[in-house]
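Undergrad: One letter stands for each residue in the lines below.
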Amino acid sequence: MGLRILSVIRQVLDAEESVKIKDGMVDLSSSKLVLDTMDEYGLEEALRIRDVLPETEVVALAVGPARCEEALRTALAIGADRAVLVETAEALDVITVGNVVAQVARTEQSDLIFCGGQEADWDSQALGAAIAEYLNWPQLTWTTALDLEGRTLTGTHDVEEGTESFSVELPAIVTTQQGLCEPRYPTLPNIMKAKKKELRRDSFESFGVRSKLKFIRSEIQVKERMRRILDGKDGSAAAQQLVEFLRNETRVIG
Amino acid sequence: MILIVAEHSNGKLSKSTYEMTQAARDLGRDGQVTLLVLGSGVATVATQAALLADQVLVADLPVLGTYDPEVWAQAVAQIAREGEAHTVLIGGSRSGREYSPRVAVKLEAPLVEAAISLKFSDGTTVAEHYTLLARVVERVEAQAPTVVVSIHPGAFPPAPARPEAAEQYDVDLELPAPRVVVTQRNTIKSKRVALQDADVVVAGGRGLGSAEAYAQLVEGLADQLGAAVGATRAVVDAGWRPYSEQVGQTGKTVQPKLYLALGISGAVQHLSGMNKSKLVIAINRDREAPIFKIADYGIVGDVKEIVPAILETLKSNR
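Heads up: the sequence lines are chains A and B, in that order. To convert a position in the first sequence, counted from 1, into this note's numbering, add 6. To convert a position in the second sequence, counted from 1, into this note's numbering, add 56.
Fair warning: there could be bad hints in the mix.
Unchecked claim - Simulated pairs of lysine to aspartate or glutamate, DMTMM-like, Cα-Cα distance not exceeding 20 angstroms:
#	chain 1	residue 1	chain 2	residue 2
1	A	LYS220	B	ASP279
2	B	LYS247	A	GLU23
3	B	LYS245	A	GLU170
4	B	LYS245	A	GLU167
5	B	LYS360	B	ASP279
6	B	LYS371	B	ASP228
7	A	LYS229	B	ASP279
8	A	LYS28	A	GLU96
9	B	LYS334	A	GLU250
10	B	LYS360	A	GLU155
11	B	LYS247	B	ASP228
12	B	LYS247	A	GLU250
13	A	LYS38	A	GLU167
14	A	LYS239	B	ASP82
15	A	LYS203	A	GLU114
16	B	LYS313	B	ASP358
Calculated directly from the structure, the hints in this document are not laboratory data. Owing to the predicted nature of the structure, the values given are computational and were not obtained by experimental measurement.
When you get a sec, could you build the whole thing from the sequences and use the hints?
TA: Shown next, in the form of C-alpha cells:
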C-alpha cells in the first residue's frame, strides 16, 4: 500500500482584510476567508510525493466550524483525494486541536503529516509539535526543502541562528512555510471533480476533549504613532532633519 | 515552584531569561522562582542564573550541547514533574516555541504562546497574547492548575540581578536519543548585537535594489548606530541576506526601542514581526506604502540617496 499523508489546514482571514471585533471577540462573519497559505505549502509537498508515487493518498483535515468546509473544498480542488472535517463551533486551544488531529492520524494510519508553521488566525507555532507529541513522532519545523526516498525524509529547515540539513525516518510531522515550494492552483476540471470527492464529518464529541484555555476577550490594539512624514526630494535636507529627529527624540545618537 | 528554562548563548544568559524572571516575579503566585540551565559546559551561565532566581537547577551534560526539541521537552517535563512546578516559563524564541507544546502535552497542561502579560488571580492563570498577525490582543484563562507559557521577547522588562547568589543543584535526567539526524549545520554568527536583544534595528527591503547596496547602506547605518541588522522575507528569498536576519511572521519578532525600515513597503507579514517597536522610522519611495501607517517618522524618497546623506551627516557631526 502507498503512503498515507495528512495535510492539516486552517481557514483564516485573508491577509488583505482588516480585522473586525464584535462584543469582545473577533468577528469573521463578513470577511473574506481563505485556506491559510502557510498550509498550502504542505499540501503541495504532499501532492508532489503523490505525483511520483501514485499510490499515495492525500487527506486534508480541518478542525473547526462548519465554514471550514469551503477551505477543505479548496484543498480538494487543488488535489487532495478526500477530506475530513471535525466540526465544532467551540473555540479550541492549539494543544486540544493537536490531540484531535493525532486521533484522526491514528484512525487514518497516516505516515506523514504536514501543517503550516504559523497560521495567520491564532499566530500559533505549536500545532505541529503538539500533534507530534501526542503521536510520539519526531518533528521538523520551518522546512525549506524536502525529499522523500523510501521512508527516509531529508531536507533543510530554518533554526534560530541559521539552517540545518536533516534526515529522519517516517512517520514524522513537518511544518511548512513560504519559500518551501510554489503551490499549484486549482484547475477548472479539478474544481468540478472536487465536488464529487468524499468529505467526511467526524463528530467532535467522539474525541472526548475540551479546550484547555478559555477565550475571554479580543481587542485591536493600535499603537499611537506620530506619523511625521516628510518629502525627501531634497535628500540631504531630509537626512539632516532625520538626524535631528534621532538626536531629539531618541538616545541613539548623542 | 515557577520553573524558568534559562536561554543562553556563548556562556551568557540571554535577555529573554531576565525578562522571564521578571514575568515570574510579577506572576502573583507562591512558589520558588527556579531557573533551569540546560547545556554542556554551562557553569558560568549557572553562576549568572544564581543572581536572578531563588534556586538554580543545572543539567550540564554533553548530550545537551546541541538543541533537540524532543530532548529539551523531556528534560523540562521531568524537572517540572519532580519539582511539582505549577508554572513553566519558556523563551519565546524559535526553539522555545517549538518544544514548549511538547512540554504542555507531557504535563497535560494548557499552553499560552508568546504571552505579553501573565497574572495569577482568583485561582487561575490569565494571560494575553497576540493573534491575527499581531493585530489583536487576546486574553485567555487557563483551565487547569499547571500551565506552560512561552514569553514574548521584549514584553517584560529584564529583572535586575540580586546581590546574593542562590543555591545551585545538579540534576539527573533520563533523556531520549534524538530521532532527527542533523547532517549539516550552517550557523551564522554575526559580530553585531543579536536581533532580539538589540535596542536599535536597521532593516532593509527590496527597495535597496541589490545585495551590494544593502551591505553598504543597511549595514553601514547599523554600524554607525550600534544596531542589529534585519531583513524582509523578499530580501532573504532573493539571497541577499541570511534567514537568521528575517523579521516577520516566518522570521523573528522584535520589539526594539527604534526600528529603522529602509526600502520596506510593509507587508502585513513583516509588520507582524516589528509593529510593537517603540519608535518606527521609515524611508520609502512610495508615499502609499503601508509602512508609513505605523511610522513615527518617515521620509518619502529614494533610500539610495537619503541613506548615504544620513551617513554623511552622522560622520560630519562626530
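Undergrad: Could you work out which of the previously given hints the structure breaks and list their numbers from low to high?
TA: 1, 2, 6, 7, 10, 11, 12, 13, 14 and 16
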